[in-house]
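Number of protein chains: 2
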Amino acid sequence: MTFADTARLDDPKDEATAFAADRPLTLDSGATLDGLRLAYKTYGTLNAARSNAILICHALSLDQYVASSHPVSGRPAWWRTMVGPGLPMDPARHFIICSNVVGGCMGSTGPSSINPATGRPWGLAFPVITIADMVRAQAMLVQSLGIDKLFAVVGGSMGGMQVLQWASDYPEMLFSAVCIAAAPRHSAQNIAFHEVGRQAIMADPDWRGGDYANEGVRPEKGLAVARMAAHITYLSEPALHRKFGRELQSDGLSWGFDADFQVESYLRHQGASFVDRFDANSYLYITRAMDYFDLAANHGGVLADAFRAARDVRFCVFSFTSDWLYPTVESRSVVRALNAAGSRASFVEIDSDKGHDAFLLDEPVLRSALGGFMSSAAQIRGLP
Amino acid sequence: MTFADTARLDDPKDEATAFAADRPLTLDSGATLDGLRLAYKTYGTLNAARSNAILICHALSLDQYVASSHPVSGRPAWWRTMVGPGLPMDPARHFIICSNVVGGCMGSTGPSSINPATGRPWGLAFPVITIADMVRAQAMLVQSLGIDKLFAVVGGSMGGMQVLQWASDYPEMLFSAVCIAAAPRHSAQNIAFHEVGRQAIMADPDWRGGDYANEGVRPEKGLAVARMAAHITYLSEPALHRKFGRELQSDGLSWGFDADFQVESYLRHQGASFVDRFDANSYLYITRAMDYFDLAANHGGVLADAFRAARDVRFCVFSFTSDWLYPTVESRSVVRALNAAGSRASFVEIDSDKGHDAFLLDEPVLRSALGGFMSSAAQIRGLP
Numbered sequence: 006m007t008f009a010d011t012a013r014l015d016d017p018k019d020e021a022t023a024f025a026a027d028r029p030l031t032l033d034s035g036a037t038l039d040g041l042r043l044a045y046k047t048y049g050t051l052n053a054a055r056s057n058a059i060l061i062c063h064a065l066s067l068d069q070y071v072a073s074s075h076p077v078s079g080r081p082a083w084w085r086t087m088v089g090p091g092l093p094m095d096p097a098r099h100f101i102i103c104s105n106v107v108g109g110c111m112g113s114t115g116p117s118s119i120n121p122a123t124g125r126p127w128g129l130a131f132p133v134i135t136i137a138d139m140v141r142a143q144a145m146l147v148q149s150l151g152i153d154k155l156f157a158v159v160g161g162s163m164g165g166m167q168v169l170q171w172a173s174d175y176p177e178m179l180f181s182a183v184c185i186a187a188a189p190r191h192s193a194q195n196i197a198f199h200e201v202g203r204q205a206i207m208a209d210p211d212w213r214g215g216d217y218a219n220e221g222v223r224p225e226k227g228l229a230v231a232r233m234a235a236h237i238t239y240l241s242e243p244a245l246h247r248k249f250g251r252e253l254q255s256d257g258l259s260w261g262f263d264a265d266f267q268v269e270s271y272l273r274h275q276g277a278s279f280v281d282r283f284d285a286n287s288y289l290y291i292t293r294a295m296d297y298f299d300l301a302a303n304h305g306g307v308l309a310d311a312f313r314a315a316r317d318v319r320f321c322v323f324s325f326t327s328d329w330l331y332p333t334v335e336s337r338s339v340v341r342a343l344n345a346a347g348s349r350a351s352f353v354e355i356d357s358d359k360g361h362d363a364f365l366l367d368e369p370v371l372r373s374a375l376g377g378f379m380s381s382a383a384q385i386r387g388l389p
Numbered sequence: 006m007t008f009a010d011t012a013r014l015d016d017p018k019d020e021a022t023a024f025a026a027d028r029p030l031t032l033d034s035g036a037t038l039d040g041l042r043l044a045y046k047t048y049g050t051l052n053a054a055r056s057n058a059i060l061i062c063h064a065l066s067l068d069q070y071v072a073s074s075h076p077v078s079g080r081p082a083w084w085r086t087m088v089g090p091g092l093p094m095d096p097a098r099h100f101i102i103c104s105n106v107v108g109g110c111m112g113s114t115g116p117s118s119i120n121p122a123t124g125r126p127w128g129l130a131f132p133v134i135t136i137a138d139m140v141r142a143q144a145m146l147v148q149s150l151g152i153d154k155l156f157a158v159v160g161g162s163m164g165g166m167q168v169l170q171w172a173s174d175y176p177e178m179l180f181s182a183v184c185i186a187a188a189p190r191h192s193a194q195n196i197a198f199h200e201v202g203r204q205a206i207m208a209d210p211d212w213r214g215g216d217y218a219n220e221g222v223r224p225e226k227g228l229a230v231a232r233m234a235a236h237i238t239y240l241s242e243p244a245l246h247r248k249f250g251r252e253l254q255s256d257g258l259s260w261g262f263d264a265d266f267q268v269e270s271y272l273r274h275q276g277a278s279f280v281d282r283f284d285a286n287s288y289l290y291i292t293r294a295m296d297y298f299d300l301a302a303n304h305g306g307v308l309a310d311a312f313r314a315a316r317d318v319r320f321c322v323f324s325f326t327s328d329w330l331y332p333t334v335e336s337r338s339v340v341r342a343l344n345a346a347g348s349r350a351s352f353v354e355i356d357s358d359k360g361h362d363a364f365l366l367d368e369p370v371l372r373s374a375l376g377g378f379m380s381s382a383a384q385i386r387g388l389p
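Residue numbers (my numbering), protein chains in the order written: chain A, 6 to 389; chain B, 6 to 389.
Hints are computed from structural coordinates only; laboratory data are not their basis.
Do not take every clue at face value.
[To be verified] Here chain B is said to cover these stretches of chain A; the calculated rule only asks that three of the stretch's residues, wherever they fall, bring their Cβ under 8 Å from a Cβ of chain B:
id, segment
1, 79-87
2, 122-134
[What the hints assert, rightly or not] Derived, one-sided and incomplete: chain B residues facing chain A with beta-carbon distance under 8 Å:
id, residue
3, A193
4, Q204
5, G257
6, G261
The beta carbon of each residue, even a glycine, is placed where N, CA and C say it ideally should be.
In isolation and in its complexed conformation, chain A is listed as follows (with noise of 0.2 Å):
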């Protein structure tokens, strides 16, 4: 099965739901970009005073299928520990929204749509896109939808950055806001890391400088070596050490260059199976705009400045002890920003030894503390 086959939206293997916007998006580069359709998914039934609707905002890797499964890999919802029955955003309770991001390639308009004005795929030619961006189109969706405040938006890794963009740019249509594992910026760090990601990508010889979409190929190796190199970031070594450790495959050594170790086998397949449900030109675009991501830097340096208009919205803040590529201080920066705006913000720094990936595994604690911040805002909210 290969990616063209059964990603795009207009695939009836594939339920999303389209939305086609009326008008162009503005971008922060100052182009514009006609034509946008944000493809996303709905749980549960919004209410008669439209006040229970949360937007779920995905990380740089998924997608919409946040609560139900992937219709090209066949995963499981990725995020089956927070959504549904009895959990913390429960389709019997919200209407849980989520949308693939503007860039992204589930649906949405991205480098590998049509370009109109030349019938092919953009390639390079798309515009490069910002996390507000995503969110200004997100906007767009939610207020098509006929909601006008949105009771939440909740989002982890760079989800968590466009919540800290919403509340930036549209703090009026929000009720509260969840911030987990993310980071006000992207630091040297973070930016190299995706740096050698988008350098593999580019290096295969069938990336075709980007163009590989109208050439018949597609840049497997290189996507999956980028995949390969960002899925240890997203673990602890603790994580690393106590799923692997030093185990070998089979009873010894190869001494040659097969997966020796269940480390590298594990990452191999993380990588090959990664490029059959993501497209290469939207991992430079989406690391690209999360490497773009500074958001004091619209606000002379000071991120407090960028939560002024945010002193009503409700915040909960989350980290993991043991996530190093956005570790707690990061996190600390925004609540000390909130606190500094005025803002309502609950931190909750979770200890974890699962490093960055923790917000997507079953972490009993976030669960919880999620869960009582949730209750906690719907009894304010008058929600059920």
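Since the structure of chain A is provided, determine the placement of chain B on it from the hints.
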């Protein structure tokens, strides 16, 4: 200037001396290597008692040019902060030896050498080698120089692994041993990063299944990506932040995929310059040797048992607080094992935010502590 033009032993521009073994090298894999040659450099003069020799073991990407400039890249001596007049290792007092490891590409027998069986470069037909194989070859070189006991064996990173292996396999040939920023085995995370690098090389179509030297090409892009990924692990996040932060190359964002951030440009340069002086297959073989390294494994999992015969060797072990590649906990496990084996071990954890590469940089505390250790050992050894 290309690698093939300048870096081989028979090139007149390479001033390295060569040791040609008079017997085959028996390898851990069970294979034997005929016609072993080790390229090496010496500095200073062996005294009449042959008691002032120091063997320096180099790290993955380095070579024998410990105290003189690199003949291919022109890079200054790689350990000019530690080897030289008035420094802890001083050619006026010591006879300093540094040899390119077996498997390397700066003149020692490795995968780019000529396979005597075919008359063409070995490529992947070269046998997989280990840290112990590197040390076994070094011991032959040291013996050939008429040295029964080294005053010291010294190394950082992979060089430190060789030091530990020396203490395990040839303790009677050592008076003292200095292990800097190393570990007694490769962790799952260490292996994972190396595997990313190997996959990047092997994904490059110019790698040609390892046979590129016979086909007149070189997998430069893959090797550059491997180097970029590895280089991030050599630096700490604070060092990257201090050095680059989010500083741009020019006045504004490019809104494209050029190197916008200084850290991107720095990494690209690291990748591009590495391919001028290193061979891709050597990178595969040497990283494999490091991944296979697990000193306790041959001693029933008890690290102390590797050092039982090294009771008379004076050890000094160094780590750096911000080294996340070989963190202090690894050095501590070495010191604990040395203590359990009844050896004299000093341990110095140096407070530095420069990461793993601190051992190569101007670290005054390392210099003074190493200088003190060497002076004290010299006194006991009866050296000036």
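>> For the segment 122-134 of chain A, count the residues whose Cβ lies under 8 Å from any Cβ of chain B; is that count three or more?
In response: Check passed, 3 qualifying residues.
> Against chain A, is B:A193 within 8 Å by beta-carbon distance?
Replying inline: holds (4 Å)
>> A closest beta-carbon separation below 8 Å is what the hint needs, so does B:Q204 meet it against chain A?
In response: Holds, because the Cβ-Cβ distance from B:Q204 to chain A comes to roughly 5 Å (cut-off 8 Å).
> Does B:G261 pass the interface check with chain A, least Cβ-Cβ distance below 8 Å?
Replying inline: At about 6 Å, which falls below the 8 Å cut-off, the nearest Cβ of chain A leaves the hint on B:G261 intact, so it holds.
>> Min Cβ distance, B:G257 to chain A: is it shorter than 8 Å?
In response: violated (11 Å)
> With a Cβ-Cβ cutoff of 8 Å, does the segment 79-87 of chain A contain at least three residues near chain B?
Replying inline: Result for this restraint: violated, n = 0.
In terms of the numbered hints stated before, the structure departs from hints 1 and 5, listed from lowest to highest.
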